[in-house]
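Number of protein chains: 4
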Amino acid sequence: MKGFASDNNSGVSPEILEAIEGANIQHTIGYGEDMYTAEAICHFRHLFGTDVDVYFVFNGTGANVLSIQSVCQSFHSVLCAETAHINVDECGAPEKITGSKIIAIPTSDGKLTPDLIKPFVHGFGFEHHSQPKLISISQTTEMGTVYSNTEIHILATFAHENKMLLHIDGARIANAVVSNQTTIKEMLTDSKVDIVSFGGTKNGMMFGEAVVFLNKNLSENTKYFRKQETQLYSKMRFIGSQYIAYFRNDLWLNNAKKANLMAQKLNESISNIEKIIITQKVQANAIFAILPHHIIKPLQAEFFFYIWNETTNEVRFMTSFDTTDEDIVRFTHHLKVLMQIL
Amino acid sequence: MKGFASDNNSGVSPEILEAIEGANIQHTIGYGEDMYTAEAICHFRHLFGTDVDVYFVFNGTGANVLSIQSVCQSFHSVLCAETAHINVDECGAPEKITGSKIIAIPTSDGKLTPDLIKPFVHGFGFEHHSQPKLISISQTTEMGTVYSNTEIHILATFAHENKMLLHIDGARIANAVVSNQTTIKEMLTDSKVDIVSFGGTKNGMMFGEAVVFLNKNLSENTKYFRKQETQLYSKMRFIGSQYIAYFRNDLWLNNAKKANLMAQKLNESISNIEKIIITQKVQANAIFAILPHHIIKPLQAEFFFYIWNETTNEVRFMTSFDTTDEDIVRFTHHLKVLMQIL
Amino acid sequence: MKGFASDNNSGVSPEILEAIEGANIQHTIGYGEDMYTAEAICHFRHLFGTDVDVYFVFNGTGANVLSIQSVCQSFHSVLCAETAHINVDECGAPEKITGSKIIAIPTSDGKLTPDLIKPFVHGFGFEHHSQPKLISISQTTEMGTVYSNTEIHILATFAHENKMLLHIDGARIANAVVSNQTTIKEMLTDSKVDIVSFGGTKNGMMFGEAVVFLNKNLSENTKYFRKQETQLYSKMRFIGSQYIAYFRNDLWLNNAKKANLMAQKLNESISNIEKIIITQKVQANAIFAILPHHIIKPLQAEFFFYIWNETTNEVRFMTSFDTTDEDIVRFTHHLKVLMQIL
Amino acid sequence: MKGFASDNNSGVSPEILEAIEGANIQHTIGYGEDMYTAEAICHFRHLFGTDVDVYFVFNGTGANVLSIQSVCQSFHSVLCAETAHINVDECGAPEKITGSKIIAIPTSDGKLTPDLIKPFVHGFGFEHHSQPKLISISQTTEMGTVYSNTEIHILATFAHENKMLLHIDGARIANAVVSNQTTIKEMLTDSKVDIVSFGGTKNGMMFGEAVVFLNKNLSENTKYFRKQETQLYSKMRFIGSQYIAYFRNDLWLNNAKKANLMAQKLNESISNIEKIIITQKVQANAIFAILPHHIIKPLQAEFFFYIWNETTNEVRFMTSFDTTDEDIVRFTHHLKVLMQIL
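Chains A, B, C and D, in that order, are what the protein sequence lines are.
Under the numbering used here, the first residue of the first sequence is numbered 1, with each subsequent residue one higher.
Under the numbering used here, the first residue of the second sequence is numbered 1001, with each subsequent residue one higher.
Under the numbering used here, the first residue of the third sequence is numbered 2001, with each subsequent residue one higher.
Under the numbering used here, the first residue of the fourth sequence is numbered 3001, with each subsequent residue one higher.
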């Protein structure tokens, strides 16, 4: 059943599958010493426009935890939006594995600002308090919103002025690049971001995420932490080869464009319906909407999606690179039938 | 360059790749709620002949850590051979993630016995000592040796008599089944094993290992631990589909047979050479041999393999499901040339 | 310099010192197997009116961490007020040592209610979320307020209805008993509290806190966790003997009465002064007040106290069992001089 | 009942108690900012003859864990004798709290040498292995033996040549100084030791140990780790004042001299008895002896001591600063009665 539950319910782009098959020849040295990994890292360096350090891991939680672990001691704290994946959706993995404290800051739209963060940035040198070390933002956010390049730059500057670092949870980084009509170099490198969890699985890859360090001093111990966190893949060529295909011919951008476009179409299709309230800006591939309570269950029976807030009847629709116009039409039709406006 | 470095330097069986492609249709619910995962688990239940609980993870270290975490509190200890992967090759992941103590017991051949374990089994109820809870053995062992079914049964009985549990690190479990000319049911279920890290990646799969609980009481919290240890895969169907293909038509056994046979052939081919000493029984797909010092480096230049012990010039050769007769012939020829006996 | 910085700046009651000296005779078995420890535990059982399990530790952070560790797995979460000691003042010890997630809930007065907690109590069985397990409240709170017995009972009921537990951080539990004009049995046992960090160091003891389990099933592994968390004291008699003296002749209540009374006197003495705003109810031995900015530094030069909020000029005054009427008079005088109203 | 169970069964020297009483005046700032702590640290600097960094903690396990945590990341390993307190008697606290791997090396007498350590020092830079970082030795050892100053210097040199550090578990450091007829400066500073857990509780103090860093670069984060490990004491003056008294008039050396002398006397008194075998050199305040099986239980009924090895009937006798000639005489008499040689 196709639906709008999550962009990770989608499959894998054919180009990715071909790349995996292509890498399945002969013996290759394991654990990242292979040519596919090396070539993929070259692509990252080109993309970021600087000599980044790249560590491949299996999944997004692995990438986020490795990012935190690489730069935080257990007595440090990580400041993030209350809605952040690291705060809500990782079952406490960051705390368990790194020992660091997660400080969750309420926001209206999933986006942090220096003003929101400031009240939590104090106590430096005071041993009774966890020491603020890392600001982590999600781009795109879990609320479907997108930081402008300038907003990221402002956060990075704020972080560095306070001797902290800026991490991006980029599980949907491609959708943000497309949304901002920008490049990785402009959005991340020029904005002085320090570390990026660079996702691909939600945008057409099979598995494999990258932790990208823009400052190589930060990744001194990352290889040990990756192994110790059970995120070192033996047959690493099967991640490297995916990323090579992901970047070739702008597959990653084209996939994200489709997903974002489908969100716009879905938004246009339902936002004018009376009694439906779109609660967040639709800037990437997520739509948050309040629906009449009685249609939610029957609608889910046909098109799976998640309820975001049981109390307010807010739901989340995620579009994907393989969402089709027909999906939108069928969904809207069904919705209208249930609302008895057709 | 093909060689004998590790069975994870090999690629992926074509049947596995086909299965992955076959699963790449439409949307599928993530995180293991899909039909592929369900079907794969059925295969495991059939194989074990009992209603096992199965949790898929990305890799072997992930499987071992999840096994330990599921049954050990931080004040427990895990007893294993000094050569065990969990002791030597996981960069301390078990200690870091579970907090438990690893007690490493010297052995001559990588195999534990009750007599070797007994001196470490005491102090129950004494809060100053880590409490012995889990015996972990590798089948096949890291020394290429294989426990007989009886030996496993004896260890399980010993564990249970002391209120402990028995875990199998089965990264090469298929090679052991073939070596013992037995079945999973006989070797593990009938022997009263408690938990198995059931590997596939070293035997023709792309990625994905299974943690199999023979006693469902032990896995009560495993799903949380899997997520928290960053080992929950979103697009789980791509592990499930691999296992379905792995078990279909005995692919797993046939792959292991080839690997084991090639080890026998390599053994026959080099064991009679003067100045080469085979140091361990060749029971699966590993050969440990002492070579003349001067030939090791030039031999590695042509066929990669690892030095096991720099002091004694002991090396390890691993064969794989895709090792060919020709590989053996070329290797032996080259070896003899270097030893000037050709 | 005497001041109002913290009740742990005070010394030790003479009766406590005498008890320590009295226990310094001959050899005594270590680690809590001694008669002093046994007798002290008897006192706790009498006080709670039930067969509680008691574990002595060195300090309050140790007590809180041991409480959490005893009942939480790493995938659990602990719900507390944002101002809670476990959230703010333990440098992330709970997260580091237990791996559990701390969820900090904003409050106006340091007190949690079911309504404040409810939005965070969901996702049971959903492996992506930390599982809510423990509600931890401070009695007295870090804001100097006190839960009524009924409020505690309501929270315990709410916890149990949601299969959670209720923990009390009782670093200042004596001040709360006095404030509520109640008994430990009524306030904690009858209210169905599960675990209490029972403090003494802030109320005239030298060191040593107790973790009290009202349900013995919860402390099954506590002795191992205490040792593993480095909180097992070898010469335990020197904690036990203190608690015996602490409870004898109601020393603990008398000390707390003095401290609370002094807070009332200080409150009366300054609350009517124009431009001084008392921001929290004065229910125990803390006063929170907003002072004119320009007098804070000069006042601190004479009587040490902590600034609570730099932005709002809110400060905290803590009274202690050894605060005297003269201290209050001198402080008020000095304050008025600085405010030029004398 | 007086016995030879452990030197921590003894009480507290009167001078220590007096010092504690003397410090119980007025208010004093907490957490180590007081004058007693400052003065005690001065004494340590004088003793070590260099500008050491000193952190007071509650107990020995706390000191050892803080030592390890200060210099080891979770991917590091700690090399120690199999008999080391950190390996056997801390319930896995080092692994749980630091995440590091403990590598236990068998010895005949509790003492490590470079030759014993070498086989475990390899794999630097290889991410699959825990990285060797710290050698930890106990002085005196858990077997009652003592490293000469030269032996310590050789181990420190070996550690530094391999980019590792040397830690001393000095729970009984005073007994070693006396045994070696040396000074702290000669034994530790001149031998290039890096970190010392400097004990006092087993030698007449009430509680409180010190972690001493001879290289201040190593303690950069120690204050945060101490707090996070629940080892920061609020009323720190009561540790500082003890150490001031401990060093005044050589109380610490005099106490250790008495304990060591009593061990010599006990040794002389029983070592010539037929069927009693002294198994380790008696260099400090411990005696290891094999006794006839049938006398062990009745002897324990009168004088408590621990059985070291149930299989070989080896027992441990610890003398203490308060052991008397009469204790030795009475014990020997009783022993002989039981052996029917009186």
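Just so you know, the hints here were simulated from the structure itself, not pulled from any lab data.
Honestly, I wouldn't trust all of these hints.
In silico SDA-like pairs for lysine to any residue, Cα to Cα no more than 25 Å straight-line [what the hints assert, rightly or not]:
hint, chain 1, residue 1, chain 2, residue 2
1, D, 3297, C, 2310
2, C, 2216, B, 1124
3, B, 1257, A, 310
4, A, 185, A, 153
5, A, 275, C, 2033
6, A, 118, C, 2033
Distance ranges between label pairs, derived from CB positions [to be verified]:
hint, chain 1, residue 1, chain 2, residue 2, range
7, D, 3148, B, 1306, 26 to 32 Å
8, D, 3119, B, 1118, 21 to 27 Å
9, C, 2118, B, 1186, 51 to 57 Å
10, A, 182, C, 2220, 37 to 43 Å
11, D, 3276, C, 2215, 33 to 39 Å
12, C, 2248, D, 3119, 38 to 44 Å
Chain A stretches covered by chain C per the calculated footprint, using a threshold of three residues with CB under 8 Å from any CB of chain C [unchecked claim]:
hint, region
13, 83–90
14, 125–132
Because the structure is a prediction, the values reported are computed rather than measured.
We put the CB at the ideal spot given by N, CA and C, even for glycine.
Right, here's what the structure says about each hint:
1. For the suggested pair residue 3297/D and residue 2310/C, the alpha carbons sit about 66 Å apart, so the restraint of at most 25 Å is broken.
2. Simply put, residue 2216/C and residue 1124/B have alpha-carbon atoms about 20 Å apart, close enough for the 25 Å limit, and the pair holds.
3. For the suggested pair residue 1257/B and residue 310/A, the alpha carbons sit about 55 Å apart, so the restraint of at most 25 Å is broken.
4. Annotation: proposed proximity of residue 185/A to residue 153/A holds, straight-line Cα distance about 12 Å (limit 25 Å).
5. Restraint check for residue 275/A and residue 2033/C: not satisfied, since their Cα atoms lie roughly 69 Å apart, outside the 25 Å limit.
6. Restraint check for residue 118/A and residue 2033/C: not satisfied, since their Cα atoms lie roughly 50 Å apart, outside the 25 Å limit.
7. Separation of residue 3148/D from residue 1306/B is about 40 Å and departs from the stated range, judged on CB atoms against 26 to 32 Å.
8. One distance hint, 21 to 27 Å for the beta-carbon pair residue 3119/D and residue 1118/B, holds here, with the actual separation near 24 Å.
9. For the pair residue 2118/C and residue 1186/B, the supplied restraint of 51 to 57 Å holds, since their beta-carbon distance comes to about 53 Å.
10. A beta carbon spacing of about 56 Å between residue 182/A and residue 2220/C contradicts the range 37 to 43 Å that was offered as a hint.
11. Under the hint 33 to 39 Å, the C-beta atoms of residue 3276/D and residue 2215/C, about 50 Å apart, miss the expected range.
12. A C-beta distance of roughly 59 Å is found between residue 2248/C and residue 3119/D, which places it outside the suggested range of 38 to 44 Å.
13. A count of 3 residues in the region 83–90 of chain A with a Cβ less than 8 Å from any Cβ of chain C is obtained; the coverage claim is therefore met, three being the minimum.
14. Three residues within the 8 Å Cβ limit are the bar, and the region 125–132 of chain A against chain C gives 4, so the coverage statement holds.
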